[in-house]
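Use these hints to put chain X onto chain L, whose structure you have.
Protein sequences, first through last, are from chains L and X.
Numbered per our numbering, the first sequence spans residues 1 to 257.
Numbered per our numbering, the second sequence spans residues 1 to 291.
Honestly, the hints are just simulated from the structure, not real lab data.
Don't be surprised by glycine CBs; every beta carbon is placed ideally from N, CA and C.
Any given hint could turn out to be false.
Chain L side only, calculated, beta carbon under 8 Å to chain X, not exhaustive [stated by the list, open to error]:
hint, residue
1, Ala63
2, Met89
3, Glu93
4, Arg95
5, Met97
6, Leu108
7, Arg140
8, Phe241
Covered stretches of chain X, as calculated for chain L (at least 3 residues, CB under 8 Å) [said to hold, decoys possible]:
hint, stretch
9, 54-63
10, 187-201
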Amino acid sequence: MSTLEARRAAKESLLQVDGVTKGFAADAPLALAETSFTVAAHEIVALVGTSGCGKSTLLRMIAGLDAPSAGEIRLGGHRVAGPDPEIGMVFQEPRLMPWLTVRENLRLALPGQGRQAQDERIAATLRQVGLADFGEALPRALSGGMAQRVAIARALVRSPRLLLLDEPFSALDSFTRAKLQRHLLELWQEANFTMVLVTHDLEEALALADRVLILRGQPGRLYGQLPVDLPHPRRRSSPVFQELKEELARALDLEAD
Amino acid sequence: MSLIALEERADLAGAQAAPVQAPRIAAPALAPALRGAVLALLVPAILVAAWQGASALGWFAPNLLPSPSAIFAELADLWRSGDLETHLLVTFWRVLSGFFFGALAATVLGALTGASSLARSLLDPTLQALKAVPSLAWVPLFILWFGIFEASKVTLIAVGVFFPIYLNLMTGIQGVDRKLVEVGRVLNLSPFAVVRRILVPATLPSYFVGLRAGLALGWMFVIAAELMGASEGLGFLMVDGQMTGRPAIILGSLLLFAVAGKASDALLAALGNRLLAWQDGFGGMAKGARP
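Next up, chain L with everything else stripped away, as it sits in the complex (with noise of 0.2 Å):
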């Protein structure tokens, strides 16, 4: 038994995608038709696929933020019906209230409790992300890089049981990206949190995930699963994560011309 498999089977499933499909008008054609996964808690899933399969779509339903055409999908056994506080969303775009400073945009996140309390869980979470420096920045003063990481923080701040990632780095250089996903790995492994990204970026998919799954066609379809598994940091010049993203690309028919 593999390490990958052995993890799975000791933790319960916590998220459950079960046979959902989306149209978004009832004479549009269907964006996403009938998909079913799981995902185990504190795993790392990716979702890959052409452009156009519905794999942000999908992400969007996770998050609450659309709801299925049919299907059903569930956190921890409840049925999520719109945005969950137990579910953290990280855009492309930073997407941070441009008239707040960094620590308030954090705020923003955590309603309720008392300041105190709030500047605590505050500091500590940009600490972990590497900008305690920076509460009192505006966001025009920040790089990209670092807008980024403040939406990881902003998203990570509730201490959600499962964070979702729609192409997160894909606006970012290719150096800032490497740094960002080796941050994530290491806030991964620090929390008890699970992931689901979307990427188009094959070999970030391999870098992060636990499992890759294969959206494919219009409307998309799952179409397949590859497991990475892989030991952290994986390097990814190595011969077998060269081969896993050959079978990738394969799979996603990238490499037909």
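Just chain X, lined up with the frame of chain L:
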């Protein structure tokens, strides 16, 4: 390894170890503000000096274009008699109350039509049609309805103030980034919190543009109202100067209008700059590096 090791380079090693300094939001220094004031006053000062010189040389007929010093003396006379203060206060009060009621109505209706597409479909066509009526065309009706005293003047000013504020607020709300509103949903903010924490701050820049344009129209309409029939106010003073053949009073009133309009706009702009300091705008060529 073909890369050259750079450990010895203290600057690189130091750059890694030292914590990065967070940029601070520094208060603007006084010196640039002073410089701005000097630059702003430079052109008026030159113009007044040239005018005074030309008057002294007798280039202008004093019964048509009196010298700046004559205008100043006339205003000083009026001030000493207490009349000028009364006229100023009356005009200020009219602009202020007209602005208040116009802005209030514009804020309520603009927020409504900006936030709700039903309200927009219901109300906006009617309001746009009313906007097409030249505002001064309301004067006969307002005088008939409200008499020639304060109510008709304040109403006229309020109508002038209303439209720029209404339009800017409505389009401002419609232009709020949908993606930021979605963040509010992800964070489970209540509808009230979405309005207060996201919609209001995001709309503030265009709302302030509307307020400033509205205030400018307020000053325009107060003159119109006072020229048409008043016994007090700067507009009345100008008519009075015309009747009694005293151009110095007309010019002095014009000057006071310019000063009052500019001062009230600067006040509003300063308030806006305080509230909108977060904006990452261009801001002008000579503003230099941001702190």
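Results of checking the hints against the structure:
1. Ala63: Nearest chain X Cβ about 6 Å off; hint holds.
2. Met89: 5 Å, holds
3. Glu93: Cβ of Glu93(L) sits 7 Å from chain X, so the hint holds.
4. Arg95: 5 Å, holds
5. Met97: 6 Å, holds
6. Leu108: Since chain X brings a Cβ to about 6 Å from Leu108(L), closer than 8 Å, the hint holds.
7. Arg140: It holds, given that the least Cβ distance between Arg140(L) and chain X is near 4 Å, below 8 Å.
8. Phe241: 21 Å, violated
9. 54-63: violated (count 0)
10. 187-201: n = 7 at 8 Å, threshold three: holds.
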